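Student: Using the sequences provided together with the hints, build the complete structure.
Protein chains in written order, with the UniProt record's numbering: chain A, 1 to 301; chain B, 1 to 301; chain C, 1 to 301; chain D, 1 to 301.
Source of the hints: derived by calculation from the structure; they are not laboratory data.
Warning: the hint list may mix true and false statements.
Note that the list lumps identical chains together, so a pair holds whenever it fits in one copy or between two copies.
[What the hints assert, rightly or not] Listed next, the in silico BS3-like pairs over lysine-lysine satisfying Cα-Cα at most 30 Å (straight line): (1) K188 <-> K289; (2) K100 <-> K278; (3) K278 <-> K180; (4) K23 <-> K52; (5) K23 <-> K113; (6) K52 <-> K289; (7) K152 <-> K188.
Only a predicted model underlies this, so the values are computations on that prediction, with no experimental measurement involved.
Protein chains: 4
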Amino acid sequence: MFGWHWLIEWQTPYEFHGHLIDKVLAEEKTPYQHIMLVEFTRFGRGLIIDGKVQSTLFDEYIYHELLVHPLLLSLPTPPTNVLILGGGEGATLREVLKYKSVKKVTMVDIDDKVIEFARKYLYEWHQGAFDDKRTNLIIGDGYKFVEETKEKYDAVILDLTDPIKDSTSYKLYTKEFYEKLKRILNEKGGIVTQATSPSFSLEVYVTIYNTIKDVFKEASASYTYMASFDGLWGFVYGGVRPDLISENEINTRIEERIDGQLRFYDGYSHKVSFSLPKNIKNEFKKITKISTDEDPIYVPA
Amino acid sequence: MFGWHWLIEWQTPYEFHGHLIDKVLAEEKTPYQHIMLVEFTRFGRGLIIDGKVQSTLFDEYIYHELLVHPLLLSLPTPPTNVLILGGGEGATLREVLKYKSVKKVTMVDIDDKVIEFARKYLYEWHQGAFDDKRTNLIIGDGYKFVEETKEKYDAVILDLTDPIKDSTSYKLYTKEFYEKLKRILNEKGGIVTQATSPSFSLEVYVTIYNTIKDVFKEASASYTYMASFDGLWGFVYGGVRPDLISENEINTRIEERIDGQLRFYDGYSHKVSFSLPKNIKNEFKKITKISTDEDPIYVPA
Amino acid sequence: MFGWHWLIEWQTPYEFHGHLIDKVLAEEKTPYQHIMLVEFTRFGRGLIIDGKVQSTLFDEYIYHELLVHPLLLSLPTPPTNVLILGGGEGATLREVLKYKSVKKVTMVDIDDKVIEFARKYLYEWHQGAFDDKRTNLIIGDGYKFVEETKEKYDAVILDLTDPIKDSTSYKLYTKEFYEKLKRILNEKGGIVTQATSPSFSLEVYVTIYNTIKDVFKEASASYTYMASFDGLWGFVYGGVRPDLISENEINTRIEERIDGQLRFYDGYSHKVSFSLPKNIKNEFKKITKISTDEDPIYVPA
Amino acid sequence: MFGWHWLIEWQTPYEFHGHLIDKVLAEEKTPYQHIMLVEFTRFGRGLIIDGKVQSTLFDEYIYHELLVHPLLLSLPTPPTNVLILGGGEGATLREVLKYKSVKKVTMVDIDDKVIEFARKYLYEWHQGAFDDKRTNLIIGDGYKFVEETKEKYDAVILDLTDPIKDSTSYKLYTKEFYEKLKRILNEKGGIVTQATSPSFSLEVYVTIYNTIKDVFKEASASYTYMASFDGLWGFVYGGVRPDLISENEINTRIEERIDGQLRFYDGYSHKVSFSLPKNIKNEFKKITKISTDEDPIYVPA
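Tutor: Have a look at this one:
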């Protein structure tokens with residue numbers, strides 16, 4: 001029998017990928033987004049927001065480790081106070097809490113339903129992180145939070161949905177927003193953002209890099225293959241240069257700073273992830289666009 | 001934004017139809033089948049079993065009225081004791097209970113989960129029929145029930161899933177099974193079965209007619225367009241000849257026998273439904289196959 | 001092996017149907033449209049324009065006979081001079097040429113590539129009609145032709161693509177256009193137009209009827225199931241009332257007026273086609289919209 | 001308007017990817033396979049065989065360079081006599097002919113239609129390679145050729161379709177076949193095969209490695225992301241150890257041995273391509289299967 005219950009994820013108007021769904025576990029249309037929790041035939045449990053796979057049990061650890069650790073390990077001193085925008089599954093939080101030095105992690109997510117779903121269904125993701133006494137969970141608008149907070153952070157982690165036209169998140173990928181972020185960072189602090197897919201939106205990936213480099217001066221870009229995203233996925237780090245740190249030094253700092261196991265990230269994966277394929281690396285020389293409030297970048301749709 | 005959550009119903013290996021799903025209301029994998037209740041964008045609430053749309057709020061009344069009434073109205077005397085196999089939504093039951101003469105309706109469905117779903121989510125379908133005191137609901141195997149029952153019925157209504165290879169239902173479309181049915185019918189009783197799609201499985205439709213005619217001698221076939229099934233749908237009646245009853249007589253009998261409103265079926269719709277399109281009617285002269293236990297008919301898959 | 005080469009026809013943004021393609025025979029992007037000739041697994045040879053199945057060998061005869069004959073047979077006197085707008089396959093022309101009385105058929109199609117394809121690949125459709133000496137083939141804009149022609153016609157047949165927003169054809173479904181048509185008709189002449197799908201665009205179907213009735217006073221609507229269009233298909237006739245003609249009279253007039261065989265249309269099919277399903281008939285009482293240049297009707301897209 | 005003309009490539013029965021097709025350039029069903037040449041919206045010109053994208057103008061150079069050069073550059077002495085099985089597009093041939101030392105390249109492809117299509121439509125792929133005087137093109141069965149040839153080769157390149165059940169190619173991925181290959185290799189010769197997708201058929205990728213290692217003792221595996229294959233793609237080399245050669249040495253040997261430009265492959269890409277992601281590398285410790293004639297490996301289907 002042919003499969004009949006499908007998520008059809010549109011990467012662009014001329015490409016789609018069908019993932020067979022075994023079962024829908026929970027679904028809710030909130031004021032902000034359409035959330036669905038499913039069992040995929042291929043990936044096991046997975047979170048879908050507005051038709052995009054956010055993360056699945058199959059490879060969420062790759063995404064979340066590569067988002068968090070290159071930033072936190074390349075800070076000159078171990079981080080104490082960390083801010084996460086988005087990241088509703090709780091897995092980014094889980095990774096940050098592995099740092100012995102961390103005293104407080106503020107996580108701001110706009111949608112309490114996502115958090116509620118995560119608590120109820122995504123234990124493998126958060127592993128109890130929401131209940132850690134260092135966790136400061138705020139339901140609210142991340143953009144506004146950044147404008148209003150009086151605190152300074154060692155690191156800010158942007159675990160957001162893609163910059164889709166007319167979405168709420170595209171404004172969190174502009175030069176103006178990164179400048180706001182800079183103001184709430186400690187002097188040697190850094191940021192990271194998920195940076196969309198070098199496979200399906202290479203121009204967006206490079207533009208995010210250009211924009212962060214423009215604001216923070218120091219920037220670097222990593223990538224990995226994410227099966228559940230059907231292609232390569234990118235990350236951009238600002239204010240720090242993880243790409244300049246050696247394989248061995250990464251292994252040493254993991255030993256020193258982290259309590260608990262990493263499944264993907266280590267010195268070896270660090271080196272692999274910062275070695276962009278030549279065809280992608282070449283684009284960094286060609287694309288010069290910067291994303292601004294006036295002329296923001298969007299993923300194709 | 002493009003739709004992303006789809007039921008892809010395969011009519012054949014070379015045809016599929018995608019229906020956008022707004023929300024999944026409930027889902028269960030029972031020992032017998034995979035049941036899903038959804039809100040379709042186009043049809044509103046709908047029941048899906050094993051990837052096939054069973055019925056939707058949009059046009060279930062057309063299907064259920066055309067299944068039940070041509071049979072019960074063409075019986076020479078109003079029916080007292082009726083048997084339904086399948087029909088888990090409760091809508092076939094609802095239609096039968098509209099007959100003033102009916103004293104008992106036995107409904108046999110193999111899957112208690114379907115009934116549970118219907119009670120919980122499909123009020124518009126059953127409209128309380130499960131709680132009517134004339135209703136005798138039995139969870140069990142319809143085939144076995146027919147073999148073992150000691151009762152005689154005025155009418156038997158087969159509201160089953162399609163005869164899919166390796167399914168449990170294909171055995172309820174054979175000559176041998178219809179002969180078993182004949183034994184539990186009162187002398188002037190009749191039967192009806194849903195008869196698959198004249199659009200996508202014309203040979204099956206005609207073969208069901210041939211088989212029922214072979215056993216019951218009297219047989220006739222009706223059809224209608226069902227939007228939620230993406231094509232024409234067929235019904236075959238045995239032991240009676242509704243096609244020979246006039247438009248006016250149908251209207252008279254509705255008046256006499258039925259308590260409550262019909263939305264689709266009346267003398268006019270009767271005439272329309274028994275007037276098969278010429279291209280389909282022609283096939284009845286060409287296809288001579290009969291479905292037997294040894295050489296059963298299946299829908300293409 | 002699963003099928004991999006598909007036409008995915010979008011009926012609406014929330015419904016699509018996939019037809020497996022065996023082979024592409026010819027394809028061309030003209031200044032007006034994207035034409036593709038294929039062998040479908042299910043339907044055999046078929047013409048696709050801008051992603052919509054125009055007609056297939058499987059059931060083109062049903063469409064073309066039901067478009068042409070109710071109009072031409074219900075004219076009080078046999079037609080002499082007929083105008084066709086669109087109809088590039090040549091099958092509408094083929095049907096018109098069956099009338100013994102016809103002296104001249106003018107066919108105006110905007111796209112010479114469609115005609116070229118038809119001549120080369122669609123012999124079963126046109127059966128040489130383009131070369132009939134009564135045929136007057138004009139490559140040009142039908143709208144403009146109607147405005148400029150000095151001739152009068154007994155019948156005008158509109159075999160056009162659907163009224164899609166921003167297409168060239170939607171202007172040929174408005175009150176203003178029908179008024180232009182009226183001016184080039186002989187006193188007792190009539191028109192017919194394909195009227196989209198009562199399944200997928202019921203409001204458009206009824207609105208076309210309303211608009212034609214408004215202009216011509218006399219109007220009627222027919223329908224049939226078209227497998228290759230995945231649903232019901234509608235036609236609206238103006239200036240004549242085929243629905244009032246009896247089954248027998250249709251058979252008599254076919255005998256008198258037509259030279260050659262009809263495969264679908266006869267007195268019986270006439271009756272069936274003008275007996276709209278009750279659920280569709282009911283909509284004619286509810287929908288009162290008229291299509292005008294200022295507020296035209298479109299199919300959903 | 002939504003896209004309507006699609007290649008739906010099934011990676012597994014529970015995953016498919018849709019690529020929009022702009023135009024079909026040529027199509028033929030040969031005794032061996034169904035070949036289609038298209039313009040993809042995303043990739044430009046591409047070759048499809050039996051529903052699988054074989055290569056596209058977008059990234060064929062990555063595939064072909066990574067297939068050919070790690071093998072030919074890691075041979076201790078520059079190759080003279082090379083055998084290619086498959087590779088109908090002519091691009092593998094193109095890469096081999098860049099070696100100054102090469103005197104003869106025998107290419108054996110089973111399907112002359114593929115070659116004919118390549119000559120006619122794929123100039124960017126072969127760039128005239130079929131007409132090079134060192135090219136020895138043979139239309140025939142590669143398996144049989146290997147059994148019957150009297151020649152010895154410095155290198156054998158297997159550019160074949162995937163090992164699909166009941167296909168002709170799955171027998172060219174077994175231990176017994178690799179042993180046949182070993183017999184026609186010069187003493188220090190080596191082989192390479194495309195090794196399916198580490199994303200969609202990881203077990204097959206590792207099993208090919210295991211099988212080649214079992215026969216040739218020396219083996220290594222590379223990978224790259226191929227957008228037009230929707231995921232990672234793998235290669236396995238036998239009889240040589242390209243992974244042990246340094247970045248600089250690769251650059252030196254390219255300089256020495258190759259005449260003409262490479263677009264993707266250089267010392268840097270070499271290092272990247274032999275640095276498997278940790279999650280994939282880990283599987284090499286777990287999967288121990290070897291493919292044999294009796295128990296061959298297949299891609300999921």
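Student: For each hint, tell me whether it holds in the structure or not.
Tutor: We went through each hint and held it up to the structure:
When the C-alpha separation of K188 and K289 is checked against a cutoff of 30 Å, the pair qualifies only within one copy, where the shortest distance is 26 Å, while the shortest distance between copies is 51 Å. For the homomeric pair K100 and K278, the shortest alpha-carbon distance between copies (25 Å) is at most 30 Å, but the shortest distance inside one copy (37 Å) is not. Within a single copy, K278 and K180 get their C-alpha atoms no closer than 33 Å, and across copies no closer than 36 Å, so neither meets the 30 Å cut-off. For a Cα distance limit of 30 Å, the shortest separation of K23 from K52 qualifies both inside one copy, at 17 Å, and across copies, at 16 Å.
Taking the shortest alpha-carbon separations for K23 and K113, both the intra-copy value of 20 Å and the inter-copy value of 16 Å come in at or below 30 Å. Taking CA atoms no more than 30 Å apart as the test, K52 paired with K289 passes inside one copy only; the shortest distance there is 26 Å, against 36 Å between copies. Taking CA atoms no more than 30 Å apart as the test, K152 paired with K188 passes inside one copy only; the shortest distance there is 11 Å, against 63 Å between copies.
Of the numbered hints listed earlier, the single one contradicted by the structure is hint 3.
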